[in-house]
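Peer 1: Fit chain B to the known structure of chain A by using the hints.
Same order as they appear, the protein sequences are chains A and B. Going by our numbering, the letters in the first sequence line up with residues 6 to 573, in that order. Going by our numbering, the letters in the second sequence line up with residues 6 to 573, in that order.
Keep in mind that the hints are not guaranteed to be accurate.
Copies of the same chain look alike in the list, so a pair counts if it fits in one copy or across any two.
With a straight-line Cα cutoff of 27 Å, these simulated DSS-like cross-link-like pairs (lysine-lysine) come out [said to hold, decoys possible]:
1. K212 x K97
2. K475 x K360
3. K360 x K16
4. K451 x K428
5. K428 x K508
6. K16 x K475
7. K16 x K428
8. K212 x K360
9. K428 x K124
Honestly, the hints are just simulated from the structure, not real lab data. These numbers were taken from a predicted model, which means no experiment stands behind them.
Protein chains: 2
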Amino acid sequence: MNLEVWAPSAKSVELVTPQRRVALRRLEPQSATADGYWRAEVEPALLADGYRYSLDGADPIPDPQSKWQPDGVHGSSYVVELPAITADFRAKPLAESVIYEMHIGTFTAQGTYAAAQAKLPHLVDLGVTHVELMPLATFPGTRGWGYDGVYLYAPFPPYGRPQELAAFVQACHGHGIAVLLDVVYNHLGPDGNYLARYGPYFTDRYKTGWGAAINYDGPNSDPVRRLIIDNALMWLRDYGFDGLRLDAVHAIFSFDAMHVLEELTTAVQDLGETLGRSFVIIAESDLNDPRLVQPRRWGGLGMDAHWADDFHHAVHAFFTGEQQGYYQDFQGLADLVTALRAGYVYQGRYSPHRKRRHGRPPARVAAHQLIVFAQNHDQIGNRAQGERLSMLLSVAELKAVAALTLLAPFVPLLFQGEEWGAKSPFLYFTDHNPELGRLVAEGRSKEFSSFKWQGEVPNPQQEETFTRSKLDWSELAQPPHADLYQWHRQLIALRRENRAGGKVTVTADAQAGWLKFVHGDVFCVFNFSAAALRWRPPRGRWHLVLASDRDQTSPDRLPPHATLIYRR
Amino acid sequence: MNLEVWAPSAKSVELVTPQRRVALRRLEPQSATADGYWRAEVEPALLADGYRYSLDGADPIPDPQSKWQPDGVHGSSYVVELPAITADFRAKPLAESVIYEMHIGTFTAQGTYAAAQAKLPHLVDLGVTHVELMPLATFPGTRGWGYDGVYLYAPFPPYGRPQELAAFVQACHGHGIAVLLDVVYNHLGPDGNYLARYGPYFTDRYKTGWGAAINYDGPNSDPVRRLIIDNALMWLRDYGFDGLRLDAVHAIFSFDAMHVLEELTTAVQDLGETLGRSFVIIAESDLNDPRLVQPRRWGGLGMDAHWADDFHHAVHAFFTGEQQGYYQDFQGLADLVTALRAGYVYQGRYSPHRKRRHGRPPARVAAHQLIVFAQNHDQIGNRAQGERLSMLLSVAELKAVAALTLLAPFVPLLFQGEEWGAKSPFLYFTDHNPELGRLVAEGRSKEFSSFKWQGEVPNPQQEETFTRSKLDWSELAQPPHADLYQWHRQLIALRRENRAGGKVTVTADAQAGWLKFVHGDVFCVFNFSAAALRWRPPRGRWHLVLASDRDQTSPDRLPPHATLIYRR
Chain A
6 MNLEVWAPSA KSVELVTPQR RVALRRLEPQ SATADGYWRA EVEPALLADG
56 YRYSLDGADP IPDPQSKWQP DGVHGSSYVV ELPAITADFR AKPLAESVIY
106 EMHIGTFTAQ GTYAAAQAKL PHLVDLGVTH VELMPLATFP GTRGWGYDGV
156 YLYAPFPPYG RPQELAAFVQ ACHGHGIAVL LDVVYNHLGP DGNYLARYGP
206 YFTDRYKTGW GAAINYDGPN SDPVRRLIID NALMWLRDYG FDGLRLDAVH
256 AIFSFDAMHV LEELTTAVQD LGETLGRSFV IIAESDLNDP RLVQPRRWGG
306 LGMDAHWADD FHHAVHAFFT GEQQGYYQDF QGLADLVTAL RAGYVYQGRY
356 SPHRKRRHGR PPARVAAHQL IVFAQNHDQI GNRAQGERLS MLLSVAELKA
406 VAALTLLAPF VPLLFQGEEW GAKSPFLYFT DHNPELGRLV AEGRSKEFSS
456 FKWQGEVPNP QQEETFTRSK LDWSELAQPP HADLYQWHRQ LIALRRENRA
506 GGKVTVTADA QAGWLKFVHG DVFCVFNFSA AALRWRPPRG RWHLVLASDR
556 DQTSPDRLPP HATLIYRR
Chain B
6 MNLEVWAPSA KSVELVTPQR RVALRRLEPQ SATADGYWRA EVEPALLADG
56 YRYSLDGADP IPDPQSKWQP DGVHGSSYVV ELPAITADFR AKPLAESVIY
106 EMHIGTFTAQ GTYAAAQAKL PHLVDLGVTH VELMPLATFP GTRGWGYDGV
156 YLYAPFPPYG RPQELAAFVQ ACHGHGIAVL LDVVYNHLGP DGNYLARYGP
206 YFTDRYKTGW GAAINYDGPN SDPVRRLIID NALMWLRDYG FDGLRLDAVH
256 AIFSFDAMHV LEELTTAVQD LGETLGRSFV IIAESDLNDP RLVQPRRWGG
306 LGMDAHWADD FHHAVHAFFT GEQQGYYQDF QGLADLVTAL RAGYVYQGRY
356 SPHRKRRHGR PPARVAAHQL IVFAQNHDQI GNRAQGERLS MLLSVAELKA
406 VAALTLLAPF VPLLFQGEEW GAKSPFLYFT DHNPELGRLV AEGRSKEFSS
456 FKWQGEVPNP QQEETFTRSK LDWSELAQPP HADLYQWHRQ LIALRRENRA
506 GGKVTVTADA QAGWLKFVHG DVFCVFNFSA AALRWRPPRG RWHLVLASDR
556 DQTSPDRLPP HATLIYRR
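Same shape as in the complex, but just chain A (with noise of 0.2 Å):
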């Protein structure tokens, strides 16, 4: 089999294998493609028990495309052999799709990828449509949310083993659930990023929040966008999966002719009409910007949808009355109202909390274009105690905030165990080296040293942060989490029968504390306010299908932190 690596400045690469060293050779630069690539043939029983590389007869170490870190980021590199993916599968279309987020860790009480397969069952009940994993690239330690991952190639160990995560990608097809894969393109992890030994994969022209900028668009930046661009393949292609979330694509600086996200998603587009396959490009984005999900003829990148943060902030700012940090950009109902109808609230206004302009009107953005969520593994996991809304909130406003979620316009999004409110937080917990660790714990506690009175910030590096935050299923079958289950499968179950094209009509009364909604086929009315509301059905052929509260519910009158939903 051939062997390749990028190592443009060094002036040998070797092979180190246990058994012996094998010279690479240096390929012949040709005048169409960067120069600097390392090839060699070897038996495959070569690498049966690890390999390395040498550059210029250095210390070996890992191949920044290794397939497999089985002894972790400083640990040796593995090939692997996959099972060909069979191809029948199809996903929904966006516009018929509920996302769950998914962290194998934390998921089940296992953390693999074998146990969360085991409770497929479940999401086929509930009706969700897409999994979407958070990122499985290698990252340090045994746990983590993944963000620090080195090796973009191989999945996670303590996970399981690749052909594992190949196996629960099969498994989801066969419950008719695609799976979606979070990727970090944006930075790599600060330990067992080996990547600049190789060579320029990183810039100093752009900074990112997490670590050194991507260089994408400088001298030799063809091998590296390779690198990003064939690992997104990879995983589609051998793995299954059936489309990319993108990490924070606003910290991907690539001021070129040709943005590497356009290149990517015309890869990935490529990919699929060569395997017969429809895949989808998700970015998360804090732009609000409809370049991102315009197609490549009207100047956009191509991609099929972007997070939507905007609905998440107003809901949240709405419903439990925080102000600090970025919520203090949203102002009560009449945001959530925006929301509703556009995805974006911030269209070009002043953000207090960015203090500059922000965002542009979503024109041509389909609903199917913004994802949308009351809670993600950022928004719980971020916040010192690591709190669900279900901590936050009543039991009717949590499902006040199910049915707006979930029966907007726009494509819901729910996290592990937000179906049946689950009360296990999901706190930030990583399980880096001694030193950095003590780094990471010493900025998170800083980060929230103004929000004391959120309490004690837990350490991430402790092992209790990652176990408090596995999910507990016992909780499923109780009350009130098995009414609050009911009721979002409830939800999910009217969003697939609807008929609707996207549009919205929405009124509301801040000073009453009513909302209403009319999608397709469906007709929502919230009360928000702790007292009661005189209120008039809607006429025609619309009948009440849901309330939240059933047993105070009459006709002409609207419960407190009601939520009624009709059906024609």
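Peer 2: Positioned in the frame of chain A, the structure of chain B alone reads:
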């Protein structure tokens, strides 16, 4: 009159004049805008002898929006009264334009607006439609190219008073010539730059090669954008300019949903509609990115045109055979043909000089959206000896270059004196303070240290380096300059009469060394070789109108290095 200044961190701001000090009042922050504006209403007479601002009681410094700095970059600021602009001038559309790049300081011996104004009949005779002035924003010292400006609103004093600049623009209009201004919005010069004391005008999130990047997208960037955009509007509205050439927009970092250049083009267009005038915005960009000139509805930035350096490089490398620096990316006749056909040579192929793929196809870019040139201030002045092509090529070759540039389907730009093959160099000259001057001179020497064969680098700080760069108008009447001048004049006339739609058909033979192209009613054939070639003239209604070497031209023969031009 109202004085206003933005100083968000200041606790107090005082106006300081020779007569007295006046405290400014901090405006109430409004939810819709940035905080930190200060204002005072004063009698105009109070400002007659200049003014400065003192922030928090510190030494008074000039106004960042000073309209006039007669005593230089460290001197007091002055207000300016300009006569009203008459709006009856109509510039030629770009498709019918020939631009003439002018540096006021070297265009004439006197180096003033008034002296340049006296030369306008020459430009009328030549047939150019637009004058483009190199930057006027006040920069340090008494001479310079102008790219180190620090007072964006104050025209450089040695060229004349603001009223004389306005008179120059009006005189151009009187001669039927439009006037563009080169403005530098990617950085500010290092000396006399007090902006950082006022507010966060700069950022370290991005890097430019010339100085701190301007804060266009971070916290408190709205007032920074306002400084720049209001500046653009001022030149157009108050001085009567017909458009702007934006220097190096690839170093303008605006990584948000509303790029500052889109905001700028929108504001300029709105001003044009208000005033009943039509303005053009031309970008200098090395990105080969159509998005710059695509309309906003196609996801573009809405600028009218951009400089197409590839055309220059292809022409220069072909005629001079030079391969140093970026010329290594341009090889022979093939790239010249591509340049003529498409404007962009690099449409995504690998660039050895940049060490990455570069550019994208100029889809939906009209020919009149690309500004081309065989010479400009940079391409001449960034050579060690500031040599014009007239010092590198024969008269016959200069004629070929002129025909390629002026008859191509793009918008041609000439650099002052190019029309007669001026022999004066255009050197890099500065007049910095001694310390900065030493650094600049050393940097300049070092930059060319690997090009020793180009000879000793003139010291930019020496006055002689400036005076040597002034045009020698006495050349114009002498051979071969008079002949070259007539050649340019005739080509421009031919271009003007040509009913062309931007379409061009090019054929060439690298072996034999000829190229021909048809563009509208014009047919050009070039013999690039040192040998005469057999030639069958075009049939039909074509008739020969210009020949670079008429004496040696016969119907069936192309003399060495000849250019023949036919019309129908």
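Peer 1: So, for every hint listed, does it hold in this structure?
Peer 2: Now for the hints, and whether the structure bears them out:
With identical chains, the CA atoms of K212 and K97 are never at most 27 Å apart, being 37 Å at best within one copy and 44 Å at best between copies. In this homomeric assembly, K475 and K360 never come within 27 Å of each other (Cα to Cα): the closest approach is 37 Å inside a single copy and 48 Å across copies. Taking the shortest alpha-carbon separations for K360 and K16, only the inter-copy value of 19 Å comes in at or below 27 Å, while the best intra-copy value is 49 Å. In this homomeric assembly, K451 and K428 come within 27 Å of each other (Cα to Cα) only inside a single copy, at 26 Å, whereas the closest approach across copies is 66 Å.
Taking the shortest Cα distances, K428 and K508 never come within 27 Å of each other, neither inside one copy (34 Å) nor across copies (68 Å). In the homo-oligomer, the alpha carbons of K16 and K475 never lie at most 27 Å apart, since the shortest distance is 49 Å inside one protomer and 51 Å across protomers. In this assembly of identical chains, the alpha carbons of K16 and K428 never lie at most 27 Å apart, being 57 Å within a copy and 48 Å across copies at closest. When the C-alpha separation of K212 and K360 is checked against a cutoff of 27 Å, the pair qualifies both within a copy, at 19 Å, and between copies, at 22 Å.
Taking CA atoms no more than 27 Å apart as the test, K428 paired with K124 passes inside one copy only; the shortest distance there is 19 Å, against 82 Å between copies.
Comparing the model with each numbered hint stated earlier shows that hints 1, 2, 5, 6 and 7 do not hold.
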